[in-house]
Amino acid sequence: MKNPTAYPLKEVVTRFGGRIEGDAATLVNQVATLENATAGQIAFLTNSKYRKQLETTHASAVIVAESDIDATHLPRIVCTNPYSYFAKLSAFLNPLPEVKARIHPSAVIGADAKVSPTAQIDEFVSIGEGAIIGSGSVIMAGCSIGANTSVGDNTRLYPRVVVYHNCVVGNNVILHSGVVIGADGFGIAMDEGAWLKIPQIGRAIIGNNVEIGANTTIDRGALDDTVIEDGVKLDNLIQIAHNVHIGAHTAIAGCAGIAGSTTVGRYCRIGGSAGIVGHVNIADGVEISPFTMVSKSIREKGTYSGMNPFSEKEKWMKNMAHMRHLDEMASRIKNLEKELEALIRRG
Amino acid sequence: MKNPTAYPLKEVVTRFGGRIEGDAATLVNQVATLENATAGQIAFLTNSKYRKQLETTHASAVIVAESDIDATHLPRIVCTNPYSYFAKLSAFLNPLPEVKARIHPSAVIGADAKVSPTAQIDEFVSIGEGAIIGSGSVIMAGCSIGANTSVGDNTRLYPRVVVYHNCVVGNNVILHSGVVIGADGFGIAMDEGAWLKIPQIGRAIIGNNVEIGANTTIDRGALDDTVIEDGVKLDNLIQIAHNVHIGAHTAIAGCAGIAGSTTVGRYCRIGGSAGIVGHVNIADGVEISPFTMVSKSIREKGTYSGMNPFSEKEKWMKNMAHMRHLDEMASRIKNLEKELEALIRRG
Amino acid sequence: MKNPTAYPLKEVVTRFGGRIEGDAATLVNQVATLENATAGQIAFLTNSKYRKQLETTHASAVIVAESDIDATHLPRIVCTNPYSYFAKLSAFLNPLPEVKARIHPSAVIGADAKVSPTAQIDEFVSIGEGAIIGSGSVIMAGCSIGANTSVGDNTRLYPRVVVYHNCVVGNNVILHSGVVIGADGFGIAMDEGAWLKIPQIGRAIIGNNVEIGANTTIDRGALDDTVIEDGVKLDNLIQIAHNVHIGAHTAIAGCAGIAGSTTVGRYCRIGGSAGIVGHVNIADGVEISPFTMVSKSIREKGTYSGMNPFSEKEKWMKNMAHMRHLDEMASRIKNLEKELEALIRRG
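Chains X, D and L, in that order, are what the protein sequence lines are. Residues in the first sequence are numbered from 5 upward in steps of one, following my numbering. Residues in the second sequence are numbered from 5 upward in steps of one, following my numbering. Residues in the third sequence are numbered from 5 upward in steps of one, following my numbering.
Looking at chain X on its own, in the form it has when it is part of the complex (with noise of 0.2 Å):
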């Protein structure tokens, strides 16, 4: 995609800092990868391994550290984060669609909602009553957004998003299609030999700068509320059950789970397809592997593992037989000790 309007290098850097090395007038239309980048483009270096790559880079130009500088005799913005200048770029040169404040007339909008004059509602959404769709806000086609919802200001709403009634979904926040929040948490009592079900009569509340990838599920609470702290970040198909609290700009990455009533803290970041049981903790600025299970609380700031590693099949599970034995493995260790011990005492 190229950007209609081409920027030279030192109207960017008024916009967002950083000096030029090189050539301030060198126009630039869009942001790219050193690999694949053509001329009227401007690529970033944010990792030496890639340093071989700005011999042969066709960019224009380079968003580079400090430390780079002197790695390219390209026009160059040096700045102390190239991965966000880059971001900040990239936004600006890749606006998103205007708002088109509008309501569709095949929308249907619910007795004493309101929204915002100034939101855009698409076709084929639904909006129930007494919801409230805030200033600047898109609903894409066939969105749902329950009774009594709000929705804040400046929020995009990809095609497909469920809300469900009840829910609080703040400022500046991007849901992707698919994504549900609010639904029913897993919540059952065993009676007479049947399931009852627990009424879900908690909130699903997402804060400020949230954005949820897609098709990923928050279900609301029991009885007290499952929150979303702000600039949380969630990548796609990740399970948020009912009462976990996540706090403020923790990351989490595809697939993971989260079960009920789990408390995460600030700043984390969790891997991939990683677990956490229910009713734990985890302290602010945990780290989580990918593919790890975290069965118990984390009290201590940290990164933690429970990732196998993986081999040729057949090795591994002539190594993985073992793994059924190892309590008598180490029994057997502990008594050859013991056995070496009384035989060299005997002397």
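Bear in mind the hints are in silico, worked out from the structure with no lab data behind them. All figures in this text were calculated on a predicted structure; none of them were measured in a lab. Certain hints may be false.
Given that identical chains are not distinguished, each listed pair holds provided it fits within a single copy or across any two copies.
What the hints assert, rightly or not - Okay, derived cross-link-like pairs now, DMTMM-like style, lysine to aspartate or glutamate, Cα gap no bigger than 25 Å in a straight line:
1) K322 x E332
2) K104 x E127
3) K92 x D234
4) K319 x E291
5) K319 x E332
6) K14 x D331
7) K14 x E25
8) K56 x E70
9) K319 x E39
10) K14 x E196
11) K319 x E345
12) K319 x D331
13) K56 x D229
14) K305 x E316
15) K300 x E70
16) K342 x E332
17) K300 x E127
18) K201 x E39
19) K104 x D116
20) K342 x D331
21) K118 x D234
22) K92 x D27
23) K319 x E233
24) K322 x D157
25) K14 x E70
Once you've looked at the hints, dock chains D and L against the given chain X.
Below, chains D and L alone, put in the same frame as chain X:
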């Protein structure tokens, strides 16, 4: 959420049984946790771990078991199963929105479809040719019901559920948003360097009193049917492959996956993110830990696990490095035992 | 499902090859399993494990390989690959509903969109500005096709599929309900204590003859494209992250996740709930066991596993307690070997 009506405890026990200790005229209008209850609410004690909260709760009354009768001076309902008692009382205090018998004018109803006059069909719903919707059922916005599919009585489909053609959904079923029932199973045959699709001509059959969580998928059978028996409870983001058979009253937690043609017994409990390979049988009453991969049949009732522990990543990686050498470790222990025995024998 | 027309075996072999043993006039109207076939149906034997079922089957005919030719006296079609033969015959006996060329009046078609006059656009479908829908394609109820996205010929989108803007979907593709193509990848940069979004300006490109299961998500690229090559088959609830490249004819089972920028070769088979970390390369023809986490590149064709066994929970936990001490166990074995050697040497 405050219920508009408050009920005296004596009316509660008239409806749901149990006996009252303390003032039978105490009014309650909502259920709550011990920790967050406010005046007018009734809490419950199911786990003696929370007994201490009885001292500080603001609840007006509490549901307790006989064994906890002296744990508080608050007005209390004494019963044998406080958790199921609470479930029933909560359902009474928090009724679902009334069913509005109607077909929204935007809904598209196929030829020869039979929609009960007491069913509620909301906006943007598609009902295929020859489909049946039972009495008192609610099909919320944007659901799609395939041709010749039958949905029973008093069943509720939340917005954006899809049930493909020729499937059967029972009575008193709840399907949450994003659920897909009856999509094609993953049936492919390799033929001259490319995959051929195996047409999936079986059905998906969902029994009575089943609840299925958001974005869970249940594929139709390849030739025979996929069957979910009565009273099964499925959490969010679960994958049930073609020709799986789940026995009555089994409960499965989020992100679990069950591969094709596997049979799961009655009253099983399967943990979050667990998996079961295809073509195996799991006995009645089996409990599977979260994050466990079941790679063969389980013939005896019991609890099974294959879950890894976890620890600080650095330590974990150091330990895991030996996983690929367990077989060698076992041989070395055996060898040591032999040599030591020989040494001892030699005296 | 009974097919309205029955075909004699001689017509079947005329269409699909193979030779007949027994009565060539035998009529068949549907395919079935050996176990559940009824009169008029044709079953197949692909696994000698099921040979015993030939004695009791009610099928009117059977498809067998040369090696099983004497396993039954039933009329039979003998061919080299009974499973793919069955697939072709089943597709013939179970054709998809005929495509009805039309645009449902409720559909919303954007300016400059080009919808083939032979395509079927069902109710509540949104087609974005400048989008293209090829000939003979079916876009079922409630699908949303983003601006400037192109969908090829003879492609079928089941209800509630979302394809974002600027994406490409090939010919003869099947997308099941709840699939989301082209949502933003999980690209974030930490900047002064908060995550900045990296705009995702690449595309998602889906080749020809691809089938994608219910609720699977394929993110668009960050800068370059996410690519799913021809003939790839994806099961349900799979996550394909941004900039992943999947080689032709690779098949991936349900609940698997592939992290960003990873390349998977051609003709790979990836098991259910498996995961591959980001930025690695998997060679052609690699098979990955279910529940295996691939944490580094695989350069050689072969089968790889990292799957745990499982056992009764109590025994498992006892054995697993030693997982955190494998390094220590290895040291103790080494130590025993040294001491024993010293002892032996001393004589």
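State the violated hints by number, sorted upward, taking the hints as numbered earlier in the document. 6, 9, 11, 15, 17, 23, 24
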